[in-house]
Amino acid sequence: MIEARLYDGVTAHPHDVRVNVVGDALQLTQDDWADSVGAALLKRIDGGGGSTLRLGRTDLPGWRLVLPVGADDELKPLLGREDKYGRWIDRIGLVPALITGGIITASVVAIGYLAPHWIAPHVPMSWERNVGGAIVGDFGDLRCRDAKGQQALEALVERVAPGATKGPTGIKVAALDVRMFNAAALPGGYIVVFKPAITETNSEALAGVLAHEVAHVRRRHVTESLIRELGIGALIRLFAGNVGANADQIVSLSYTSSNEAQADSDAIEMLERANIDPRPTAQLFQRLSKEAPEFSAAFLRSHPLSASRALNFAKSFDPQARYQPALSRDQGDALFDICRKLQ
Amino acid sequence: MDAFAAAPAAEGDRAIRFTGSWREYLPIAATNALLIICTLGIYRFWAAARQRRYLWSRTEFIDDSLEWTGTGKEMFFGFLIVVCVLAPFFLFFQFLFPALIARGKADAAFGIFTLFYIALIYLGGFARFRALRYRLSRTYWHGIRGGSDDPGWNYGGEYLGRIALSAMTMFIVFPWAATRLWNSRWNAMSFGPLQFKASLDAEGLKLRWALIYLVPMGAAALSAILFIGILGLGNHQVGSGPMAGLGVMFLVVILLFYIGIPLMTLNWYAAYYRKAASVTSLGELEFGFDATTLQWLGLFLGNLALAVVTLGFGLTYWGYRNWAFMVRHLHVYGHVDVSQMTQSTTHAPREAEGFADAFDVGAI
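For the record, the sequence lines run as chains A and B. According to this note's numbering, the first sequence is numbered sequentially starting from 75. According to this note's numbering, the second sequence is numbered sequentially starting from 11.
Bear in mind the hints are in silico, worked out from the structure with no lab data behind them. Since the model is a prediction, treat every value here as computed from it, not as a measurement. Built from N, CA and C at the ideal position, the CB exists for glycine as well. Don't take every hint at face value.
[To be verified] One-sided excerpt, in silico: chain B residues whose CB lies under 7 angstroms from chain A:
{"#": "1", "residue": "Leu44"}
{"#": "2", "residue": "Thr49"}
{"#": "3", "residue": "Trp56"}
{"#": "4", "residue": "Gly82"}
{"#": "5", "residue": "Gly153"}
{"#": "6", "residue": "Ile154"}
{"#": "7", "residue": "Val348"}
{"#": "8", "residue": "Ser349"}
{"#": "9", "residue": "Thr352"}
{"#": "10", "residue": "Gln353"}
The following block holds chain B by itself, in its conformation from the complex (with noise of 0.2 angstroms):
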């Protein structure tokens, strides 16, 4: 029959492979980088239709790749229709900001200054959703694509209102306006026929999120029970003792407060996004993500490793590295009916994702 048994079961028999390896991509890796070089950086939209067209065609789904239909040209028309956007932004920041202090017109100044801070940020969430419907209007499977019919306007509203009301709550409701961010894109979002659904809430997100506070608080008042300790010390013994035991404090606060806050974010992270997967769908097929924050630290860590030992030649690895590692810890789980599966009806955007690429946010 057509209905294809989707089930993660030993690794091999995985609804999702990823079966690219690190030699094959090598010769478009470096043919990449130098034409990127040798063109002023304008090839790196090929470069990165070329990329896609690799890691997508290596990707495997059920019975069949992943194809990946974006071209670099339509990538670098959507760079310049951004360009024009945000020409204004620049002139401001560049001429008129500046000018305009020197005028002693600091209220004018900082009043335009907040409207286009606003501004960036609606166009940012705008950014991020035109991203993923791009990506998806130009991802094939079984010759069928998807997409969304929405445009992205709404989206980038909504992400300014959770944005702002998480920012005067010192992002402390941050995991909210996430979760419902998540559930707003991804509602939008269909695949042939079939529509996403999400459902993700902050439930058992939260606690994570908490500790991004409270690490480097527990941390400060540690510190600052061992300094009163430490003095105490020092008025019973002579010499250099204290202080060398001081500075060493010191030392590891700056540690636990720099590393504890990245390593904390990205423990949420890690949960966020394993939440995220399994509570979204695509008909009758189910998700599942399983990457743990060490996982993720092991990723970005060999990635900063790999661009420092092949003295930056690495960077041209991340995105490879990055796709296999979403890939090997993605879990599709039920079936799919390709003959009821049509062809995607959504309008196929015309122009790439510059605003994501400017604005240097991810699809996902």
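This is chain A alone, in the form it adopts within the complex (with noise of 0.2 angstroms):
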């Protein structure tokens, strides 16, 4: 028999009553008083400071029984188990709920960071290709406009890729006058080039750049790394023709290094199927990286450059190819004067 204290639920006055376990019931009773509940009626509620088990009946919210702490033994067998953490974690128990918790977490985060790679290349171009039109429109008369130098760096385009600038996907490809050595490829397949990347390298180191940009823009690592800088939100956006960003940061997106590993390499590749010489590029790459850094910082912060970057451009060189000039001497000229404002 145990004393305990009796709350109904009715009132807040407290009962004294004695406890006596009968089969699975409790049987409470008081002087002129006797009731019994049945074990599947009683559930265990933390609570009294530790010092005391208190009851409560599942049919009637606010019945306790406050039991003296030593009660515990004699009712375990009527009781459950005590809710610790919630019932779902209690259910599995705490560590394996945190051990799947874990993995499931990791796995979320992984996703996260995977699923760009995965939803570029299906969404379709031309949602792409307002917005990418919009940050050439905003550039205005910084963009160059002499017709021969438009040629030129047209067909220097399609000397490292033919085909690419046909069809209604094709690739658009800009000179910009702003001093700064900066490329890139921007949403919708257009491509940006800055007068120095132009006037201050060759037509080799150029097609290599721009065989770079293309496998940016072939691979869609620009939506890739659009979805990964400004979230998932960046897929509506795209569809409404309205990024949301200005053309500042579209074209400082950064790549992920293995985006960049991988441009790389169809860069090389361009480079070898149309008979260029890839030691240019290799040579731009070391000089940019040595350079006075205001000049090519923004190349530099979308295109990390580092020692093995040039030497990978190096090491394709092969000393038994005939190598072709990338651009006539006539083209060579007409794209170094692309900026050449009209008198």
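Two independent chains are provided; combine them into the complex using the hints.
The following block contains the structure:
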């Protein structure tokens, strides 16, 4: 027999009762009153500062039986397990829950990291066209419009990637009169080249840079990095034709290092197929990484250069090959003057 | 007899006491933190329920502890409801608003923006009411719970109106709004058969509120005087002396401005809660709250320091520390007739305080 305190849930008045375990029920008695509660109706309640055991009933919300903590052993067979961490955790146990949860969390993080790579190829290029066009349009008068120069620039793209500028989803390339070394792939298959990348390189090195950007476009790395940086909402914004990011942000979107490596190996292949010497590209990369930082900062930010990247281009040099110039002399001259303003 | 005397006397003999200890709470804090991390935050609701179950059970009122009966599941569902209600707001701010701006429909964009903003303030007030109602309905003592029959829709409107009025006066009349709202909130609440009664007014709180405006203004005036003084000195001195003095002075002004306003706000809230508790009653029970501005400051700085020193783990103790602080400074006077205290007949809300969670407002 155990002495206990009973609250009936009707008033706050406490009743002193005696408790006996009879079969699978609790028998409660007072001087002139008795009641029996089946074990199925009882639930354990955490509380009472650890010095008391508190029982409730599933059918009567305020009903509470407060027992001394020693009663635990006697009542144990009657009571179910204590709700500890919440039923869904208790069901599998704390440690298994932590392990399963840890694995799921890690996978979600991993999927979050990889998802842009999977989604990007399925985003219709037409969604991005307006966005890229608007960004190029934003540069306005800075765009270099010399017709012959433009032809030469497109010819250079065609030289490394035959057919790339043709068709409705063809690559559109534009030169910009901005005094900073940079070249970037934009959404919608646009590639922009800043003036110093044309005037302070030779056409072989520029061919290497363009091949690299063409690879970014073809592999949908731009869309991928857009999704990576702006979140999945980027898709809806692309569809709506307004990314909500300015030209500067888009031009300096950064790629993952594996995307960079992939674009490099594509570019090396393109140069090989086009029979263009890869060494000038290697020299350019080497030079840029040593150059005064403010000059090439933008390029380096989105295309982190390392010695190994230059080396990969250098290694692809074949001493047996009979390399051809990337552009004819006339084309080269026209390209050099692409930003010349008509007088 | 069944009447319990509940007069505050020496420590340990008080009507309401907190008996928890941080060591006893440690296993709860640690497993809660681990489970929250491993479930991408979903366990948050169950963690909150466990924390409250502990804190309530270690809060003794007269002869028995409080009991928290809310569950993680109901708080999770409360959260899901809020997500559904707030989704249109999110979609608007994320997509529709920039799209309207981009299409040159700025008038339409800001019109909808204003409407949504008003709706959010309304929901904020509603949330605050519902949180208090939910907490009372899940708090048991002697097998009796609290609650309210008021769904809180009107309170949301009153909240919106009073906040709008005080915003129009640059919050100069905020004490008036805050005290009236306290009354509306608490007068709608009950415990068992007993109705809460609150009659708070701004009397005695106005000077402290004025200080929030006066202290930064005073700091600005002081700096202007110092500035002129130093410039005057500069005419007679050579070298970096005046410039260094100017630098130090600006630092002092900035500190006064950024520390002065929060400190004065805290100073006001300390007085507000002391007064609010003293004019709120439940049946024959009266309340008192004795935390001073310095004690509040100690609580907040302690919370910050704890989080920094433990590299963030201390965050799991903020709820514990805040609750212990409230209970330790709360006094209850008068007596309860337990045989007259019948079960609450108020409707127990099914959904939890998701709204308050979403708007990040406390219940009290």
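Verification of the supplied hints:
Evaluation of the B:Leu44 hint against chain A yields a held restraint, the C-beta minimum of about 6 angstroms falling below 7 angstroms. The beta carbon of B:Thr49 is positioned within 7 angstroms of a beta carbon in chain A (closest approach about 5 angstroms), and the interface hint is therefore held. Evaluation of the B:Trp56 hint against chain A yields a held restraint, the C-beta minimum of about 4 angstroms falling below 7 angstroms. A distance limit of 7 angstroms between C-beta atoms decides the matter here; for B:Gly82 the minimum to chain A is near 5 angstroms, and the interface restraint holds.
Nearest Cβ of chain A to the Cβ of B:Gly153: about 3 angstroms, under the 7 angstroms cut. The hint holds. The criterion of a C-beta within 7 angstroms of any C-beta in chain A is met by B:Ile154, whose closest approach is roughly 5 angstroms, and the hint holds. Because the smallest distance between the Cβ of B:Val348 and any Cβ of chain A comes to about 4 angstroms, under 7 angstroms, the interface hint for this residue holds. Of the supplied interface hints, the one on B:Ser349 holds, with its beta-carbon coming within about 4 angstroms of a beta-carbon of chain A, less than 7 angstroms.
Below 7 angstroms, beta-carbon pairs count as interface contacts, and B:Thr352 has one with chain A at about 5 angstroms; its hint therefore holds. Below 7 angstroms, beta-carbon pairs count as interface contacts, and B:Gln353 has one with chain A at about 6 angstroms; its hint therefore holds.
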